[in-house]
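Enquirer: Based on these hints, arrange chain Y on the given structure of chain F.
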Amino acid sequence: MTDPAIEEGWIAEAVAAEHPELRLRWIEAHGGTARSSPALQERLALLSDRFRGAQAVTMRREPVPHAYRAFFRSVGLDPDETRTPVEAAALERLVRGGFAARERVADALLLALVETAVPLWAVDAGALDGPLGVREAQRGERLGRGGYAPDLAPGRLVVADAERPVAVLFGAVAASHLPGPATPALRVFTVQVAGVPELHVEEALWTCAEALDRDQGRR
Amino acid sequence: MALVDQHRVPSRPEPGAAPGTTPLDERDARRALRAQIARLERELGEALVAAFPFAAVDVRVPAPVAGPRLLGLGELEALRDALAERLAGARAQVARTGEAQARNRALLEDMLLEPGRHKFARLPNRALGEGGCGVWEVRPRLGLIGMLMGWWHVKLSSGCPLARA
Numbered sequence: 695m696t697d698p699a700i701e702e703g704w705i706a707e708a709v710a711a712e713h714p715e716l717r718l719r720w721i722e723a724h725g726g727t728a729r730s731s732p733a734l735q736e737r738l739a740l741l742s743d744r745f746r747g748a749q750a751v752t753m754r755r756e757p758v759p760h761a762y763r764a765f766f767r768s769v770g771l772d773p774d775e776t777r778t779p780v781e782a783a784a785l786e787r788l789v790r791g792g793f794a795a796r797e798r799v800a801d802a803l804l805l806a807l808v809e810t811a812v813p814l815w816a817v818d819a820g821a822l823d824g825p826l827g828v829r830e831a832q833r834g835e836r837l838g839r840g841g842y843a844p845d846l847a848p849g850r851l852v853v854a855d856a857e858r859p860v861a862v863l864f865g866a867v868a869a870s871h872l873p874g875p876a877t878p879a880l881r882v883f884t885v886q887v888a889g890v891p892e893l894h895v896e897e898a899l900w901t902c903a904e905a906l907d908r909d910q911g912r913r
Numbered sequence: 277m278a279l280v281d282q283h284r285v286p287s288r289p290e291p292g293a294a295p296g297t298t299p300l301d302e303r304d305a306r307r308a309l310r311a312q313i314a315r316l317e318r319e320l321g322e323a324l325v326a327a328f329p330f331a332a333v334d335v336r337v338p339a340p341v342a343g344p345r346l347l348g349l350g351e352l353e354a355l356r357d358a359l360a361e362r363l364a365g366a367r368a369q370v371a372r373t374g375e376a377q378a379r380n381r382a383l384l385e386d387m388l389l390e391p392g393r394h395k396f397a398r399l400p401n402r403a404l405g406e407g408g409c410g411v412w413e414v415r416p417r418l419g420l421i422g423m424l425m426g427w428w429h430v431k432l433s434s435g436c437p438l439a440r441a
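In order, the protein sequences belong to chains F and Y.
Counting from 695, one number per residue, gives the positions in the first sequence under our numbering.
Counting from 277, one number per residue, gives the positions in the second sequence under our numbering.
If you're looking for bench data, these hints aren't it; they were derived computationally from the structure.
Certain hints may be false.
What the hints assert, rightly or not - FRET-style restraints, in silico, Cβ to Cβ:
hint : chain 1 : residue 1 : chain 2 : residue 2 : range
1    : F       : Ala733    : Y       : Asp301    : 53 to 61 angstroms
2    : F       : Ala888    : Y       : Glu406    : 48 to 56 angstroms
3    : F       : Arg833    : Y       : Pro400    : 56 to 64 angstroms
4    : Y       : Gly422    : F       : Val789    : 33 to 41 angstroms
5    : F       : Pro891    : Y       : Pro437    : 43 to 51 angstroms
As the list claims (entries may be wrong) - In silico negatives: residues of chain Y with every beta carbon more than 12 angstroms from chain F:
hint : residue
6    : Phe328
7    : Glu375
8    : Ala376
9    : Arg379
10   : Leu384
11   : Arg402
12   : Ser434
Beta carbons are placed, not taken as given, at the ideal position from N, Cα and C, and that holds for glycine.
Excised from the complex, chain F in its bound form (with noise of 0.2 angstroms):
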């Protein structure tokens, strides 16, 4: 198998002024949400095993973890509240005793984020125009289409197609956006900011592509 290429986003002038590093990436895989396959379960209960609870505490002092917890500041989120996605997953392995699997794609990004420790994000490829980017969101907009998308507060930080914001940058994905079992293509995009290795971000993305076509290949 190839790695798939990786596609890079578009930062909005206003906000690569202030954050120069931050970049945006993506691929694309197939298929939809579905039941993990037995080997991808089985990939996530070895993560829980080689996961311990000190590292919970301790992987903040950890570059990537670190630089996500710095980003997250310097954007106005409290990481102790909004925890970054790393340690998002770490409390939850914490919590239930183990990474719980619930669906390929979701499992997926898990098994991606545990490994690498960079954050992970899918939405329904169909459902995009154009290439993904970060911007500020304008007054009025709403997250994703339909009459239920939620408003957005003007200068959010959005990730956005050519039309509309998809997702809050290290947020909520807009439902209209989402994966579902009848998705063929989806587009896995990561938001790389300052202090994070390229090899990281690359690994991350091919983790979760590999991780999607051998589950897509088990079926």
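Expert: Frame of chain F; chain Y shown alone:
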């Protein structure tokens, strides 16, 4: 306050300075503040880990806004100052814990040298900055006889108590 001063940058014009701060100056100041915030965040993490698991250090600094957005100069300054203040508090707490542990280690040495001067004194391992549930205790040898004869010694209880239903 010294810690705050140590992390301070000239992020706004000094009073009396010539007006004419350009957006570029402000952007540089914001960048410097973000670098300071990242450093303070790291040091706060170090303080938390240093204290773990023997002291609960409060490292929470509430977010200035709801949801992610680009912060202004004032917000970054306030956040930097709040982090610096929290770090100073966390370091003081770590230092206090360290001092208490050093005092307890000295006490344990004294208990071992002269148990008769510390009758029934108890020191849990945690108070010494060590793991486990062991407790050092000065007890009389042979129970009542030891008490009457002044035969004292130090015992280390081992293991954690059994879980109770």
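Enquirer: Next, verify each hint and record whether it holds.
Expert: Here is how each hint holds up against the structure:
A hinted range of 53 to 61 angstroms for the beta carbons of F/Ala733 and Y/Asp301 is consistent with their spacing of about 56 angstroms. For the hinted restraint 48 to 56 angstroms between F/Ala888 and Y/Glu406, the CB-CB distance of approximately 39 angstroms leaves it violated. Between F/Arg833 and Y/Pro400 the CB atoms are about 59 angstroms apart, so this pair conforms to the stated range of 56 to 64 angstroms. Under the hint 33 to 41 angstroms, the C-beta atoms of Y/Gly422 and F/Val789, about 48 angstroms apart, miss the expected range.
Between F/Pro891 and Y/Pro437 the C-beta distance comes to about 46 angstroms, which sits within the given range of 43 to 51 angstroms. A Cβ of chain F approaches the Cβ of Y/Phe328 within 12 angstroms, the least distance being about 5 angstroms, so the stated non-interface status is violated. Residue-level check passed: Y/Glu375 sits 23 angstroms from the nearest beta carbon of chain F, beyond 12 angstroms. The claim that Y/Ala376 is not at the interface with chain F holds, since no C-beta of that chain comes within 12 angstroms of its own (minimum 21 angstroms).
Even its closest Cβ contact with chain F, about 26 angstroms, leaves Y/Arg379 beyond 12 angstroms, as expected for a residue assigned away from the interface. The claim that Y/Leu384 is not at the interface with chain F holds, since no C-beta of that chain comes within 12 angstroms of its own (minimum 26 angstroms). At roughly 16 angstroms, the least C-beta separation between Y/Arg402 and chain F is larger than 12 angstroms, which holds for a residue marked as non-interface. The claim that Y/Ser434 lies off the interface holds: its Cβ sits roughly 22 angstroms from the closest Cβ of chain F, which is beyond the 12 angstroms cut-off.
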